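**Student:** The primary structure of each chain is shown beneath.
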Amino acid sequence: MREPDLKLRLKVLLIEALDLEDISPEEIPDGEPLMASGLGLDSIDALELVVRLEKEFGFKIKNSEEARQALVNIDSLAAFIESKMAETAAN
Amino acid sequence: MAPVTALIASDCLTPFGHAGDTLSALCRGERALQMHPVSPDCEDKVPLALIRPLEAEEPARWLEPCRELLRGAEGYPWGRARYPVIVTSSNFGIGQLLAYALRERQGDLSAASPERAVGQIARALEWGPHRMILSNACVSAQLGLFHAARMLYADLADAVLVFSFDFLSPFVAGGFHSLKILNDAWPQPYTECEAGSIGLGDGAAYAILGRAGESEWQLGPGANFNECFHMTGNDPSGDGFRRCFGSVAEGIEGRKLWVKGHGTGTQEAGHLEAQAALDAFPEAPLVSWKGSLGHTLGSCGLVELAIAHAGMRAGRIPGNIGGGDKALSPRVQRDAFDAAPYDGAVLVSSAFGGAHAAQVLLCGKPFREPRPAPVLRRYIHAVEALEPVETLDPEMVRAYRKNFPAMTARKLSHLPLMLGQVTREAAIGPDDELLFVSEFGGVQALEKFLASFPAASPIGFQNSTQPGPASLVLVARRQAVRLFTPVVGADGMVNALMLALLADPGPLHLLGGEEHGAWLTEEQLGSSSAFAFYLKLSDEPEGALGSLSWSPGEAGENDRMTTSAFTCAVLARRNATMGAPGGGRLELAWA
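Residue numbers (the working numbering), protein chains in the order written: chain P, 1 to 91; chain G, 1001 to 1591.
FYI, nobody ran anything at the bench for these hints, they're computed from the structure. Check each hint, because a few of them may be wrong.
In silico lysine-lysine, DSBU-like type, Cα no more than 35 Å apart, as pairs [claimed, not checked]:
#1 Lys1448/G <-> Lys1045/G
#2 Lys1448/G <-> Lys7/P
#3 Lys84/P <-> Lys1402/G
Model, not experiment: these values are computed from the prediction.
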């Protein structure tokens, strides 16, 4: 099932998990790369976000490669979460 | 490059037993790793190779195995004049600290820091006070060997005991699990896989080093390079691996060698290392044993040296264990092989911060000594220091954060911020040496990481891993250095000054400080003030602001010099004389 505000929820989570005090959700475009040239996060920031996502959504990301694929941008992250939730619902 | 020394004896302890038993098991291709839960609070199963069950014990689970192993090194007055002990680890007492943080059992604190953990072992074995504690993540043991060689070469020791131990705990397993590289797959070193994975292992080992020529076994030349490109990744160009392998290759022309690589099972590092090994040693077989023993972290360099030493003596070398069909290099050697055709081995370790270290183990004809013995005097060419304060006020924090990109600065605790401030104008080069000294290290980061359990924080793990505060500054600036040596413990300051005098000619940067903790400070495991200092030293007397020197004879009144007292002496440009570790005196004198 699609959660209408999932992308906003993810942006709020990202700001909280990484203490990005000076950034608001509106300032994070859905398609902007989260790492390097985009928001400027590094791979450790991404993993910090993964810990928060696992806690929030109750699933596990298996390895760093899977995390990297999911965390390209907010669009890819939302798609990943939706697929994980669908997987959970199917089981 | 480190001078050559004699390897008089070595041994290790792994889940298979001592070096000989471990060698036999590895030659049979056996795997010590088994799937275990990460911790009592996290049931995810990951590959761990344990000597004893993972539960926190009192006394600590490593104490008795370490005592048992070190009985083999008896017969020397260890810790007394001319017989120093260098102890290394990447996680001294950290399991006890987490155990205390989770259940507040006071007894867990008795070994909950590098100083206390090493103190327990020293008391049990009646070592004297001439001890040095080094910790640079997973190249810690290699650094111990490197500096032992320098002490011997300077004739400040007759023999040196280098000892390293890394026993796992939920702190370490939780940290690596949070990085997603410790997962539910078996590690496959040097194998093309969809996803990388590592295993972790308990391990302890020692080596007794003597002067070149005192044994048919030699250790050296050694090489180091610290990319400081990323805390948990490498420069994708492979430059760091190439420089380290290349330096070693230059020193051993004409010898037939095999290579024991770092080979944890991660993909990116595996590719880079396999290629660098192939480029530097095109004919040498390449193996890793971490697919069986797991990664024994700061001790891996010494554990694997002891196994290589045992293998060369026994005539049989274990192959690459756990690897799959798609090897990353044509030189990956899957099966055990005959040692007889080889003169020795290149032994490589790598670590957080893109640190790389290599040693050569060689039997037979001695190497030519690479350089003259050092003159134990260095001149001071730059000084910066921040006066001790109880803690940084918000205005200071804001000001010091400006030395870093905003996204990096927000993750830095007070000590790296102060180190950034005192080095903001330091001209550090990639061929320079850098010494970092802190009695307690990044205690704020440590407290934050401990508070994150049971959901271990990756940022907390990265920042709390010694030598986090200095590494974070170097990595934030992408500032590579050739040799990076972090010294810890109560005698860290005098030990660091001594190591500064043993350095190669050329620029050496000495950096130190402490940050104020909260509950760790209340438990005397953290500093009660915040400060930092920086000195640039070299062998060039002209234009010097002062000097640092060692001379034989009696020490002055200041027998002990803390990082705080040293910072105050630097700020006031006050001369100071200190008792040197192992005898003689160290003198700080201003022009």
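**Student:** All the hints need checking, so say for each whether the structure fits it.
**Tutor:** These are the hints, each one checked on the structure:
1. Distance check on the hinted pair: Lys1448/G and Lys1045/G sit about 25 Å apart at the alpha-carbon level, within 35 Å; holds.
2. Between Lys1448/G and Lys7/P, the direct Cα distance comes to roughly 29 Å. Compliance with the 35 Å bound is thereby established for this hinted pair.
3. Between the alpha carbons of Lys84/P and Lys1402/G the distance comes to roughly 40 Å, so the proposed pair goes past 35 Å and is violated.
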